[in-house]
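A.B. asks: Sequence:
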Amino acid sequence: MSTDQGKTTGAAATPSKSTHELRAEATAARAQLALTLDAIEYKLNVPKRLRDKERLARRRLHKLGEENPTALLGVALGSALAVGAAVWFALRAVLDD
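Under UniProt numbering, the letters of the sequence shown match residues 1 to 97, in that order.
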């Protein structure tokens, strides 16, 4: 049987860490876990994501209105036209039955 001299296996092979190092690793792991859980919560919280997107759209429209009121008027007219067309097609489909 041959043995490797100078090499140890098992628990003795890993250098022992100080209490301070272990606590620092635990703190870092907790912080990473908290970030991961926050990301999962955000992904699963659809109403919150919709509110965030709505706020972003409102800010963008407000900024567009300040920078270029004519473009905002075009967006408003296009939206009104799209809603009107959707209502017209829906009513036409219902009344044709």
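Hints are not guaranteed to be accurate.
Stated by the list, open to error - In silico DSS-like links for lysine-lysine, alpha-carbon gap of 25 Å or less: (1) Lys53 to Lys43; (2) Lys48 to Lys63; (3) Lys63 to Lys53.
It is worth saying that the hints were derived from the structure and are not from the lab.
A.B. asks: Each hint: holds or not?
C.D. replies: Hints versus structure:
Using a Cα cut-off of 25 Å, the hinted pair Lys53 and Lys43 holds, with the two alpha carbons roughly 13 Å apart. The hinted pair formed by Lys48 and Lys63 meets the criterion: a straight-line CA distance of about 23 Å does not exceed 25 Å. Taking the CA atoms of Lys63 and Lys53, the gap is about 15 Å. The hint holds against a cut of 25 Å.
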